[in-house]
Each structure stands twice: as C-alpha cells, then as structure tokens.
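Participant: The listed protein sequences correspond, in order, to chains A and B. Residue numbering for the first sequence follows this note's numbering, starting at 1 and increasing by one per position. Residue numbering for the second sequence follows this note's numbering, starting at 448 and increasing by one per position.
Treat each hint with caution, since some may be false.
Coverage of chain B stretches by chain A, computed from C-beta distances (three or more under 8 angstroms per stretch; other residues unrestricted) [claimed, not checked]:
| # | region |
| --- | --- |
| 1 | 484 to 494 |
| 2 | 673 to 686 |
Here are some chain A residues pointing at chain B (derived, C-beta under 10 angstroms) [to be verified]:
| # | residue |
| --- | --- |
| 3 | Thr4 |
| 4 | Ala242 |
| 5 | Thr247 |
| 6 | Ala248 |
| 7 | Arg252 |
The calculated label-pair distances, taken between Cβ atoms and stated as ranges, are [claimed, not checked]:
| # | chain 1 | residue 1 | chain 2 | residue 2 | range |
| --- | --- | --- | --- | --- | --- |
| 8 | A | Arg30 | B | Leu529 | 56 to 64 angstroms |
| 9 | B | Phe521 | A | Arg33 | 37 to 45 angstroms |
| 10 | A | Glu269 | B | Arg811 | 37 to 45 angstroms |
| 11 | B | Glu647 | A | Glu269 | 49 to 57 angstroms |
Quick caveat, the hints were computed from the structure, so don't treat them as lab data. Don't be surprised by glycine CBs; every beta carbon is placed ideally from N, CA and C.
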Amino acid sequence: MSDTYLNLVNSGFTKKVAKQLGLPQPAPLRRYRPGQPLLEGAVLVVGRGTDADAVAALLSGPWDLEVHRNPEPDVRYAAVVLALTQVEHPTDLTAPVLAAAGVLKSLTKGARVVTLSRSSVPDDAPAVAAARQGVDGLLRSLAKELRGGSTGNGIVLEAGVGVEAPSVVGALRFFLSTRSAFVDGQLLTVSSEAGSLPGSWERPLEGRVAVVTGAARGIGASIADTLARDGATVVAVDMPAAGEHMTAVANRVRGTALQLDVTAPDAGERILEHALARHGRLDIVIHNAGITRDKLLANMTPEKWDPVLAVNITAQLRINEALLTSGDFTDAPRIVSLASTSGIAGNRGQTNYAASKGGVIGMVRATAPLLEAFGGTANAVAPGFIETDMTARIPAVTRQVARRLNSLQQGGQPVDVAETVAFLASPAAGGVVGRVLRVCGQNMVGQ
Amino acid sequence: MAASKTAGPATSPRALVLGGNRIPFARAGGAYAHASNQDMLTAALDGLVARYGLQGERIGEVAAGAVLKHSRDFNLTRETVLGSALSAETPAYDLQQACATGLETVVSLSNKIRLGQIDSAVAGGVDTTSDAPIAVSDRLRRALLDLSRARSVGQKVAAAAKIRPKDLAPSTPRTSEPRTGLSMGEHQALTTAQWGITREAQDEIALASHQRLAAAWEQGFFDDLVTPYRGQSRDGNLRADTSLEKLAALKPTFGLGLDTPATMTAGNSTPLTDGASTVLLGNEEWAAAHGLTPLAVVVDAEAAAVDFVHGVDGLLMAPAFAVPRLLARNGLTLADLDYVEIHEAFASTVLTTLAAWESEEFGRERLGLDGAFGTVDRARLNVHGSSLAAGHPFAATGGRIVATISKELHRRRAAEGRPVRALVSVCAAGGLGLTAILEAV
Numbered sequence: 001m002s003d004t005y006l007n008l009v010n011s012g013f014t015k016k017v018a019k020q021l022g023l024p025q026p027a028p029l030r031r032y033r034p035g036q037p038l039l040e041g042a043v044l045v046v047g048r049g050t051d052a053d054a055v056a057a058l059l060s061g062p063w064d065l066e067v068h069r070n071p072e073p074d075v076r077y078a079a080v081v082l083a084l085t086q087v088e089h090p091t092d093l094t095a096p097v098l099a100a101a102g103v104l105k106s107l108t109k110g111a112r113v114v115t116l117s118r119s120s121v122p123d124d125a126p127a128v129a130a131a132r133q134g135v136d137g138l139l140r141s142l143a144k145e146l147r148g149g150s151t152g153n154g155i156v157l158e159a160g161v162g163v164e165a166p167s168v169v170g171a172l173r174f175f176l177s178t179r180s181a182f183v184d185g186q187l188l189t190v191s192s193e194a195g196s197l198p199g200s201w202e203r204p205l206e207g208r209v210a211v212v213t214g215a216a217r218g219i220g221a222s223i224a225d226t227l228a229r230d231g232a233t234v235v236a237v238d239m240p241a242a243g244e245h246m247t248a249v250a251n252r253v254r255g256t257a258l259q260l261d262v263t264a265p266d267a268g269e270r271i272l273e274h275a276l277a278r279h280g281r282l283d284i285v286i287h288n289a290g291i292t293r294d295k296l297l298a299n300m301t302p303e304k305w306d307p308v309l310a311v312n313i314t315a316q317l318r319i320n321e322a323l324l325t326s327g328d329f330t331d332a333p334r335i336v337s338l339a340s341t342s343g344i345a346g347n348r349g350q351t352n353y354a355a356s357k358g359g360v361i362g363m364v365r366a367t368a369p370l371l372e373a374f375g376g377t378a379n380a381v382a383p384g385f386i387e388t389d390m391t392a393r394i395p396a397v398t399r400q401v402a403r404r405l406n407s408l409q410q411g412g413q414p415v416d417v418a419e420t421v422a423f424l425a426s427p428a429a430g431g432v433v434g435r436v437l438r439v440c441g442q443n444m445v446g447q
Numbered sequence: 448m449a450a451s452k453t454a455g456p457a458t459s460p461r462a463l464v465l466g467g468n469r470i471p472f473a474r475a476g477g478a479y480a481h482a483s484n485q486d487m488l489t490a491a492l493d494g495l496v497a498r499y500g501l502q503g504e505r506i507g508e509v510a511a512g513a514v515l516k517h518s519r520d521f522n523l524t525r526e527t528v529l530g531s532a533l534s535a536e537t538p539a540y541d542l543q544q545a546c547a548t549g550l551e552t553v554v555s556l557s558n559k560i561r562l563g564q565i566d567s568a569v570a571g572g573v574d575t576t577s578d579a580p581i582a583v584s585d586r587l588r589r590a591l592l593d594l595s596r597a598r599s600v601g602q603k604v605a606a607a608a609k610i611r612p613k614d615l616a617p618s619t620p621r622t623s624e625p626r627t628g629l630s631m632g633e634h635q636a637l638t639t640a641q642w643g644i645t646r647e648a649q650d651e652i653a654l655a656s657h658q659r660l661a662a663a664w665e666q667g668f669f670d671d672l673v674t675p676y677r678g679q680s681r682d683g684n685l686r687a688d689t690s691l692e693k694l695a696a697l698k699p700t701f702g703l704g705l706d707t708p709a710t711m712t713a714g715n716s717t718p719l720t721d722g723a724s725t726v727l728l729g730n731e732e733w734a735a736a737h738g739l740t741p742l743a744v745v746v747d748a749e750a751a752a753v754d755f756v757h758g759v760d761g762l763l764m765a766p767a768f769a770v771p772r773l774l775a776r777n778g779l780t781l782a783d784l785d786y787v788e789i790h791e792a793f794a795s796t797v798l799t800t801l802a803a804w805e806s807e808e809f810g811r812e813r814l815g816l817d818g819a820f821g822t823v824d825r826a827r828l829n830v831h832g833s834s835l836a837a838g839h840p841f842a843a844t845g846g847r848i849v850a851t852i853s854k855e856l857h858r859r860r861a862a863e864g865r866p867v868r869a870l871v872s873v874c875a876a877g878g879l880g881l882t883a884i885l886e887a888v
C-alpha cells in the first residue's frame with residue numbers, strides 16, 4: 001500500500017510547500033535487511049553507575065559500536081541510550097536527561113532513543129518510585145518530540161533483573177535496530193532473566209519450528225516471511241478457501257501449508273500433529289488469524305458477534321490448551337498473539353472485535369505463567385494503523401487522518417508487526433512474559 | 448549364489464501414495480476460462496509442493512499429460528516443473544492415454560518406484576476445454592506450408608491461390624471417435640440401449656454422485672486434497688441441491704436417433720470441465736525421510752481395450768474386461784474390495800459395466816468364466832461422488848480418484864485396523880480402459 005502523501009512531502013516542490021504550510025512531514029522509515037549494520041553512527045550512553053558501564057561495554061564490545069559517554073561536538077548520533085536503572089530521586093534524572101537533550105537536534109535520520117529503567121512498585125521508597133515512574137512520562141513525551149523517523153522506547157526491568165539479562169539485551173538490540181521502525185513511545189517490561197542470547201543475531205530462530213495462523217495474506221504472510229528469514233521452519237495455516245495465496249507463501253518460505261479452519265474443535269491437535277510429523281517439533285505459535293464484523297453494539301447480531309469471538313479468541317484458547325496439555329510444547333515455547341489497539345483504547349463499531357482483542361491481552365497474561373516452567377512465554381502484539389488490504393478499504397479521508405494520528409505520522413507496514421512478533425518469538429525474549437507490545441508509531445489513542 | 452552387479456534390490460520397494468493436490472474443477476468457460484493447461488498444472492503442482500514442503504526438492508520424476516493439448520505444449524510437464532517450486536533438476540515427461548492419462552501416470556511411475564529406478568514421483572494430469580487448441584483446416588495448412596516454401600513470386604501466388612474461403616474455417620478439437628465419427632455420448636447411448644439401462648437408474652447415480660461429493664466437501668474431506676485457484680474454492684459443477692425431480696426434468700441429449708427411448712441427459716453425463724490434479728508417490732524410505740504418512744500402496748494395474756469399431760462391445764466397456772483379469776491375477780473377487788471407484792464418464796457407463804459383470808451370458812461368453820463375474824455393493828461405489836458431480840477434466844480425473852480414495856483407504860484402515868482395498872477403473876476414448884488396485888497403509 002503506497003502512502004501518496006508521504007511520498008509528496010518528501011520530494012521536490014511539494015516538500016517545500018508542505019514545510020511552509022507546516023503540514024505533517026512523515027519521514028520514510030528504514031526497515032531491516034539482513035547484513036545491515038546495527039546503527040549507522042555513534043551511540044551516546046548517558047547515565048552513571050555500574051549498569052550504564054555494563055551497557056556501554058556491551059555496545060562497544062560485542063556489538064562493535066562507537067560509544068561515547070559524554071556528548072561530543074559535531075557528532076550526529078544514531079542513538080542515545082539513557083541508562084536510568086540506578087536513579088533514586090527525580091533529581092537524579094536531570095544530568096543524564098539534559099545531556100541527551102543537547103544532541104537531539106543533531107540526531108541522524110531514523111535515530112533511536114532507548115531508556116533503561118526499573119519498574120516502580122509499592123515497596124519502593126517514594127522518591128525512588130517517583131524517579132522510576134518519571135522515566136515513563138519522560139520517554140512517552142520525548143518520543144512525541146522526535147522527528148525524521150526517529151523513535152523512543154524504553155525497557156523496564158523488574159526487581160532482580162540485571163541489565164545483562166538476555167531479554168534486556170535482546171530488547172535493547174531490537175529497539176536500536178531498524179526491526180523496530182514503527183514501534184515508538186513504548187515501554188517493555190522484562191520480568192526475569194530467562195531466555196538465551198542467539199548464536200547469531202541474524203538468524204535467532206535457527207532450528208525452531210513456527211506455526212503462523214492466517215498466513216495467506218497481509219500481516220500473517222509477512223510474519224511467515226520474517227520468521228523464515230530469521231531461521232525458523234514455518235508451518236503456514238489458513239482457511240481452506242485461502243489456499244491459493246497460502247501456497248505462494250509456503251513455497252516462498254520453504255515451509256509447509258496446512259489448510260485448516262482454526263475454529264475446528266481439533267485444530268490444536270492437527271497443528272501439532274502436522275508440525276511433529278513433518279518437522280519433528282513445535283516451538284512457536286503465532287495466533288494471527290483474525291476477522292472483523294464491525295457494527296455498533298445497538299445493531300449487533302449473533303451473526304456479527306459470534307464469529308469474531310470464535311476466530312479471534314476462542315480458537316486461540318482452544319489451540320493453546322491442546323498444546324499445553326500435549327507435552328510436546330516444552331522447549332522454551334513461544335506464543336505470540338495478535339491483539340489490537342482497539343482492544344486497548346476501544347473503537348466505535350468494534351465492540352465484538354475489541355472484546356476479542358482485549359481477551360487476547362488477558363489470555364497471554366494468564367497463559368504466560370503456565371509456560372514459565374519450560375522457559376516459555378506468551379505475549380501479544382497490538383498493531384495500530386497498518387497498511388493492509390483491510391485498512392485500504394477504509395474511506396480515503398478517514399484513512400488519511402488515521403495514518404497521521406501517531407508520532408511517526410504514517411501507517412506501519414505488515415513487516416513492522418512481523419518484526420515485533422519475531423522478536424517476542426526469539427530465544428532472547430524469554431524474560432518478557434504476558435506483555436503487550438504496541439506497533440503503532442505511538443498512536444495517540446490508548447496507552 | 449554369486450553376487451551380480453546387475454542384480455536389483457533384494458526386495459523390491461512398494462510404491463506408496465503419499466498424498467495429492469488438485470485445483471477445484473471448474474465448468475468449461477468458467478473460472479479458468481483464461482487459464483492454460485500449464486497454468487493449471489503448475490497451480491496443482493505448487494499446491495502439492497506447499498502441502499508437503501517439497502520446495503527445491505529433486506523429485507525422481509514427474510509425469511503428467513493433457514488430452515487436449517496445444518502443439519507448443521510438447522513438453523508440458525517439464526515446462527510445468529520449471530515454473531514450479533520444485534528443483535529445476537527434476538526430470539519430467541508427458542504421457543497421454545486419453546481419459547486414462549492421469550491413472551496411467553500413477554501406474555507407470557509406481558512401476559518405476561517398484562523397480563527401484565526412482566524413489567519419489569509426482570503423477571498428474573490437466574485438461575482445459577476452455578483454452579482448447581484450434582487448428583486451421585488441413586487444406587489451409589498445406590497451402591500455408593507450400594507458401595512458406597515458395598521462392599518466386601509466381602510460386603507464392605500459385606500457393607496462395609489454392610486457398611478457398613471454406614478452408615479458412617478453423618478446425619476445433621472434438622470428442623468424436625476418429626474411426627466412427629460418433630461422439631462419445633452417442634457411442635455410450637448405443638451401449639446404454641444395448642444393456643437396457645433406464646433413465647431412472649442413471650439419474651439415481653447422478654444424484655448420489657452430487658450428494659456424496661457435497662457431503663465430502665461439507666465434512667472438510669477435501670481440505671488437504673484441494674487448493675483453491677483463481678477464486679474457485681469448490682468444484683464448480685457440484686449441485687448440492689439437485690434432486691431426482693430436477694434431473695428427471697432435463698431433456699435427453701444423446702441417443703435421440705435410436706429406436707429406444709433416449710435416456711442420457713446433461714444431468715447424467717459429465718460436463719466439459721477445466722482442472723488439474725497431482726498425486727505424490729514414493730517408496731517407504733523416501734516417505735520416512737520426508738516425514739510423510741503413506742496412505743495406500745499401488746498394488747497392481749491392468750489395461751484393456753475393446754474392438755468397438757467391428758465388435759459387439761461398447762466404446763467405454765474395456766474396464767469390464769480389465770477388472771476380472773486384474774482381480775484374478777491378485778487372487779481377489781469383487782467381495783474383497785472395500786471401495787469401487789468407477790469413473791462416471793456417464794452414469795450409464797457405470798451401470799453398463801455393473802450390468803455386464805452381473806450378466807451370466809457376458810461372464811460365460813465374453814469373460815470366459817463359469818457365470819456372472821459378480822455384483823458391486825452400491826454402498827462401496829464412488830463413496831465420495833465422482834465425475835458426474837466433480838466434473839471431468841479428462842487427464843485430471845485419474846489423479847483426483849487416486850488421491851481421494853487413498854485418503855479414504857488410510858482413514859478406514861486407521862479406524863478398523865484391517866486390510867482395506869479399493870479398485871479404480873477409468874474408461875477412455877479409443878475403446879481403452881485402465882484399472883488399478885490400491886491397498887491401505
């Protein structure tokens with residue numbers, strides 16, 4: 001789906017006009033390609049303490065980046081990392097934040113700002129909690145100020161999680177990289193030191209077998225492509241009627257196609273049977289299949305309500321139960337479900353859809369603990385406005401407005417959702433449990 | 448005994464049906480009106496590759512064919528392989544035996560597997576009557592060839608001058624028999640009259656075919672046998688809501704000039720159809736290496752032919768001779784078969800075949816038996832419907848039947864844990880018939 005407005009404000013005469021009129025100027029986002037350097041420029045690490053030192057050592061050591069601990073003049077930074085895990089009073093934020101502030105005007109295009117902080121809990125001393133929670137507001141506001149396709153995201157460490165925990169390292173790399181191009185203004189909580197760093201950051205899913213439902217088109221097809229690119233063997237699942245498109249996807253990713261209605265009572269058993277027989281294992285399930293049947297609640301009918309809940313949440317619950325009771329889904333398994341910003345912020349005409357997507361968020365929160373004993377996780381990804389066949393059917397003016405209602409002032413691509421799914425499915429994300437990560441360009445609605 | 452370098456394997460491998468894929472069959476001029484044979488066969492093959500994860504795989508051999516074929520499609524199957532997700536190093540060949548083409552690809556590839564020449568294969572077939580080749584008349588063709596050889600202006604004028612307006616009429620392919628000039632329907636009308644098959648009996652066969660195929664679709668039986676194509680996700684010819692009343696209301700189309708009442712209608716004859724099918728075959732080792740569950744063994748096959756030009760047998764009666772020979776060779780009787788798949792070229796083709804087997808006279812005089820060959824339990828006949836409901840893209844029918852019944856055999860054996868067998872019988876133009884036995888794994 002092409003965004004004509006975005007193209008116009010980034011080229012020639014129309015660019016000039018847009019600038020003079022003060023129109024929104026969304027920047028083209030750079031997406032991930034294998035072989036791409038992690039950052040194209042130096043990274044500034046601000047903050048003092050052992051955690052900040054450890055982060056700086058990671059960036060300059062294994063990741064081979066040019067790391068500065070103090071802003072240097074005439075350097076256009078590609079990233080700023082604010083290591084704020086050891087702040088104990090709101091005034092501790094002053095020095096690092098103002099140090100970062102000085103370089104914001106000269107960031108490269110598509111730069112990254114990442115905060116590292118600790119979650120505030122009732123047991124904290126009030127000043128500590130204030131400092132920690134302050135980072136939340138800081139990051140969300142900072143993200144809204146960034147321009148040129150730059151993003152700001154935060155990693156929140158729960159008690160007992162060190163900055164070198166696999167999921168902190170994995171999330172830091174995800175947020176610094178172009179994989180997170182459309183993730184903006186988000187705070188991801190890491191709950192434990194579970195998970196493991198991949199042998200290769202380019203192929204973190206090597207040797208893993210992943211099932212993607214709704215894989216024939218749009219976001220599902222992109223997820224299949226992305227998981228395969230990251231090394232996974234993919235089982236593509238979709239309705240029998242979607243078989244033609246699914247064939248193309250399965251052949252492109254060199255996986256297998258399973259024509260299956262996910263609402264079938266034995267869908268979980270059939271998925272598992274297929275994965276075990278053909279590929280010997282099953283490690284990752286991406287619940288992407290979903291439908292909409294929009295209607296104001298006052299006009300709602302069972303025909304519009306029932307199928308949405310059946311496909312979007314009931315089927316996921318049933319499939320998860322089959323996998324969890326099978327005894328064959330136990331090697332650091334990953335469940336990633338597609339939620340939606342509608343399920344968080346609500347959307348007029350989508351009570352059925354929002355109920356199902358809100359349900360997904362509750363489901364992953366309650367499913368994650370059931371998988372913890374096997375090093376497994378369940379998480380959700382909530383896409384905002386993504387350029388798909390579905391959003392292409394929105395009336396033109398409404399669509400133009402919807403696209404601009406986020407900090408990046410544009411719609412995301414299916415691959416942006418797919419990259420986030422792939423991150424949550426990766427071995428490094430083992431400490432991220434029961435969370436929802438939004439891929440919305442920091443949409444103005446909801447959290 | 449001294450070891451010989453030329454000795455084959457100690458025990459010959461079995462040829463297993465591992466799965467299949469077809470595109471939904473469409474009525475001629477319908478969803479696939481602008482699809483070529485190669486387009487459709489590629490879609491069926493790519494769907495098979497996707498279902499079984501065979502991308503980039505070098506398959507032992509792929510064999511397929513089409514009955515109605517453009518001359519440019521001389522290497523149809525190889526070209527299809529080159530355009531598919533299989534390895535370009537997969538060998539392929541075209542095969543044609545009229546409507547038996549699809550089944551013959553299964554049989555000949557199975558034989559190669561049994562001989563140990565190949566470990567895996569894809570059998571297939573495709574036909575389109577929507578994209579049928581149209582040739583110029585023989586007179587025009589000769590004149591054009593002369594023209595191309597002419598050197599002087601005088602020779603060119605002379606060659607061109609031979610062309611007459613009537614020569615410009617295109618020559619379209621027909622389903623009429625070259626030796627009799629009769630269409631297949633008219634031939635079968637003669638056989639129908641010869642065996643005294645009633646209109647009601649034919650309509651009952653047609654109704655059962657539609658009802659059973661519709662039920663199979665409803666149950667999701669075809670979810671792992673068919674991949675949608677060009678927006679078509681079910682067989683276009685299927686009429687789930689047909690009834691004996693609706694079928695009885697149709698006017699007869701064949702046998703109108705005979706002394707007996709005409710009984711064959713568009714409802715109890717197969718329509719012209721577009722479609723393609725594939726069947727995945729392999730030996731045990733290959734199946735295990737690819738994590739595939741064998742469905743059935745291709746046990747044996749027998750072809751027959753009748754002299755319909757000079758003899759008493761109808762054009763499509765060859766299977767009536769092939770099956771008794773095939774079963775005898777394998778020590779089986781009709782009672783040993785759990786499923787009998789008889790291709791429904793016409794409802795009456797099935798009925799005249801069954802009538803011949805039930806005839807004392809036919810058994811003694813034409814089959815050389817002591818009496819009638821036997822009776823087929825109708826409950827075992829075409830259990831998921833057949834060509835009357837699904838349609839009949841000539842060369843694709845054999846693959847449809849083999850894949851469908853192999854899945855059913857496997858399902859039945861898994862449920863009952865005993866040997867389960869099926870007979871597959873396909874009649875073909877030229878008085879040909881090809882039959883095969885499949886046994887569940």
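Participant: Now tell me if each hint is right for this structure.
Facilitator: Quick rundown of the hints versus the structure:
| no. | hint | result |
| --- | --- | --- |
| 1 | 484 to 494 | holds (count 3) |
| 2 | 673 to 686 | holds (count 6) |
| 3 | Thr4 | violated, 29 angstroms |
| 4 | Ala242 | holds, 7 angstroms |
| 5 | Thr247 | holds, 4 angstroms |
| 6 | Ala248 | holds, 8 angstroms |
| 7 | Arg252 | holds, 8 angstroms |
| 8 | A:Arg30 / B:Leu529: 56 to 64 angstroms | violated, 37 angstroms |
| 9 | B:Phe521 / A:Arg33: 37 to 45 angstroms | holds, 43 angstroms |
| 10 | A:Glu269 / B:Arg811: 37 to 45 angstroms | violated, 54 angstroms |
| 11 | B:Glu647 / A:Glu269: 49 to 57 angstroms | violated, 45 angstroms |
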